[in-house]
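J.: Given next are the chains, with one letter for each unit.
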Amino acid sequence: MLKNEVLQIALYSGEIMLKSGAETYRVEDIIDRMCKSKELHEVSSFVTPTGLFVSDNKTRESTSIIKRVKNRKIDLDKISQVNNFARSFVKSEIPYEEAMNKLKKIDNTPKFHPALTLILIGLAAAFFTLLSGGKPLDFIATFFVSIISIIVFWSIDRLSDTQFLSTTASAAVISLCSVISSKIGLVTSFDMIIVGAVMPLVPGVALTNGIRDLISGDIISGISRVFEAVMIAVSIAVGVGLVLGFWTGVLGGSLI
Amino acid sequence: MIFKQFLFSFISTVGFSVFFNAPRSSVPYAGFTGGFGWIAYYILKSAGYIAPLASLAGAIVVGTLGELFARIDKKPVTAFVVPGIIPLVPGYGLYLTMIGLLNNDYTSAIQIGNETILTGGAIAMGIIIVSSMAKIFKSQKIVALNSIKK
Numbered sequence: 001m002l003k004n005e006v007l008q009i010a011l012y013s014g015e016i017m018l019k020s021g022a023e024t025y026r027v028e029d030i031i032d033r034m035c036k037s038k039e040l041h042e043v044s045s046f047v048t049p050t051g052l053f054v055s056d057n058k059t060r061e062s063t064s065i066i067k068r069v070k071n072r073k074i075d076l077d078k079i080s081q082v083n084n085f086a087r088s089f090v091k092s093e094i095p096y097e098e099a100m101n102k103l104k105k106i107d108n109t110p111k112f113h114p115a116l117t118l119i120l121i122g123l124a125a126a127f128f129t130l131l132s133g134g135k136p137l138d139f140i141a142t143f144f145v146s147i148i149s150i151i152v153f154w155s156i157d158r159l160s161d162t163q164f165l166s167t168t169a170s171a172a173v174i175s176l177c178s179v180i181s182s183k184i185g186l187v188t189s190f191d192m193i194i195v196g197a198v199m200p201l202v203p204g205v206a207l208t209n210g211i212r213d214l215i216s217g218d219i220i221s222g223i224s225r226v227f228e229a230v231m232i233a234v235s236i237a238v239g240v241g242l243v244l245g246f247w248t249g250v251l252g253g254s255l256i
Numbered sequence: 001m002i003f004k005q006f007l008f009s010f011i012s013t014v015g016f017s018v019f020f021n022a023p024r025s026s027v028p029y030a031g032f033t034g035g036f037g038w039i040a041y042y043i044l045k046s047a048g049y050i051a052p053l054a055s056l057a058g059a060i061v062v063g064t065l066g067e068l069f070a071r072i073d074k075k076p077v078t079a080f081v082v083p084g085i086i087p088l089v090p091g092y093g094l095y096l097t098m099i100g101l102l103n104n105d106y107t108s109a110i111q112i113g114n115e116t117i118l119t120g121g122a123i124a125m126g127i128i129i130v131s132s133m134a135k136i137f138k139s140q141k142i143v144a145l146n147s148i149k150k
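Chains as they are written, first to last, in my numbering: chain A, 1 to 256; chain B, 1 to 150.
I should point out that these hints are in silico values taken from the structure, not numbers from a laboratory. Model, not experiment: these values are computed from the prediction. No residue lacks a Cβ here, since even glycine has one placed at the ideal position from N, Cα and C.
Only pairs whose alpha carbons sit at most 25 Å apart, straight line, appear in this in silico DSS-like list of lysine-lysine:
no., chain 1, residue 1, chain 2, residue 2
1, B, Lys74, A, Lys111
2, A, Lys91, B, Lys141
3, B, Lys74, A, Lys102
4, A, Lys38, A, Lys3
5, B, Lys74, A, Lys36
6, B, Lys138, A, Lys91
7, B, Lys149, A, Lys91
If the Cβ cut is set under 10 Å, some of the chain B residues that face chain A in the computed set are:
no., residue
8, Gln5
9, Ile11
10, Phe16
11, Ser26
12, Trp38
13, Pro76
14, Ala79
15, Gly91
16, Leu96
17, Leu101
18, Ile123
If you anchor each label on the Cβ, the simulated ranges turn out as follows:
no., chain 1, residue 1, chain 2, residue 2, range
19, B, Pro28, A, His113, 17 to 25 Å
20, A, Pro110, B, Thr107, 47 to 55 Å
21, B, Thr107, A, Ser44, 46 to 54 Å
Here chain A stands alone, though its shape is the one from the complex (with noise of 0.2 Å):
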């Protein structure tokens, strides 16, 4: 096998693994050792959430491919593939024809059916509101304003590249509902349904990636996902915020 197909071969590997939200360590680890396989041991590799550089340093025409990733969603069953993949590739002799087409078929692995994603989110989210301490009624109507949400994330997500804008969006939705119903006199307070609902917005893998990321040396891609992190939180807070404060301030409710 040629040296380029063993690093593109590499590099798609760690492209959809950074894709589907693998911590960086992992990512470099496969490349290092899908390379270290095929006789390449002076490959190195440098991955941030936002691209990936491989290069082999070996001889004077030295190569160096770089793939810019932009956008970033978790995918486990993916992340689970690809190492299943690259263990197989590492072990065995696979032609780059055969090696591609099965990186392609791993990179369209169809997802969960939309509707049984949507029913289980809010499940979750319903279930996470009485963890919190809500009551029943609070279970019922988180189970809906999640499904909403959701719904209303994931149509903005198809429109913009942009993370925030759908999740600042989807947070304004969840606390619109929210304050409607306990208006109506469904629930007697809203503030365990906005805590459940917003739950899978909130980007606590990122954070704990990003941290995991800053204790392991990846000095970058640390910095970059807890800051992403960060973000994200202050566009939930934004969107939840902008509707209470439009509540309390201009309509005169009151927040407990």
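Dock chain B against the given chain A, drawing on the hints supplied.
T.: Relative to chain A, chain B alone:
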């Protein structure tokens, strides 16, 4: 009571693992990871310990179960840990911080916000402690095996 808490966090984690498109076979394992992590948090929290400490214990349980299930199910640890930490994420703390800021009540905003940030750090630390311990054990095992072979 504890069984109810376990059931709630189990279903919650299963929902989130479908949202994150986890591999089909690892969805129930992820549910157990999140459920037991939450139980550890809940027991310590209701025994009167502070939230960051309880979250640290919960995250250690999540990390340990993640390493265990990764070996049983042959999937990367992330597939279990990412949904598993979701119940521990301090969503209510974030919400109360924001409400404090909206009400110009900066004392409670700083107080709760501080605890929320510490909780977030504690969750990450718990995961990191377990994964670095697992790495050390693995490398020690390889060293031991090599010395036996020689």
